[in-house]
Amino acid sequence: MVHHGSSRWGLAAAAAAIWCGSFACLHLFWALGGSFGLASSAGRGLAAGRPASFVIFGLYGAALLLVIGIALIAVTQRPQAVRRLRRAASALLAVVGVGLVLRGLALEVLLATNADGLRKNVSPLETHWSLILWNPWFAVGGALFIATAIRASRSAFLSGPSQ
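Quick note on numbering: the working numbering labels position 40 of the sequence shown as 40, and the sequence is numbered without any gaps.
These aren't lab readings, by the way, just hints derived from the structure by calculation.
We put the beta carbon where it would ideally sit given N, CA and C, even for glycine.
Okay, the calculated beta carbon distance ranges per label pair:
no., residue 1, residue 2, range
1, VAL95, ALA115, 24 to 30 angstroms
2, ALA52, ARG83, 41 to 47 angstroms
3, PRO124, GLN80, 47 to 53 angstroms
4, ILE56, ALA115, 29 to 35 angstroms
5, VAL95, GLY21, 19 to 25 angstroms
6, ALA47, VAL82, 38 to 44 angstroms
7, VAL122, PHE57, 16 to 22 angstroms
8, LEU11, LEU102, 22 to 28 angstroms
I would like the entire structure built from these sequences, with the hints used as guidance.
Printed below as a string of structure tokens:
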């Protein structure tokens, strides 16, 4: 819950920040050479070859975006932040949240139904872990972003005009 004069974060915001932080740590682990789980996420080819562009943009880049996500979540939880900034952060979280939910659900359906023979291009390991872990993980993260944005928007609305 967001309260003026309080540093308490809402449950969705705290969970969203933990989601971002844990995923950022995993990407840093992979970027620094860790391999556990990477093949099931990115595929055996990328996990084994680790081209520089994949490490820089796919792993370090994703970690950076996730840290930016934490910063956006933090802005939505700061009552003293400029209202326009809180609204912009909330809107961005909502848009990214919808994208994450759609990504998780769409890939889940496409892989589960083997739409257009998709599984012939995805290893059984990737398919298995995408269906039981990665796609639901993205959908849950997106839902947390959306819940954080809604809660922050309601809080801003209820707090009345400021800044």
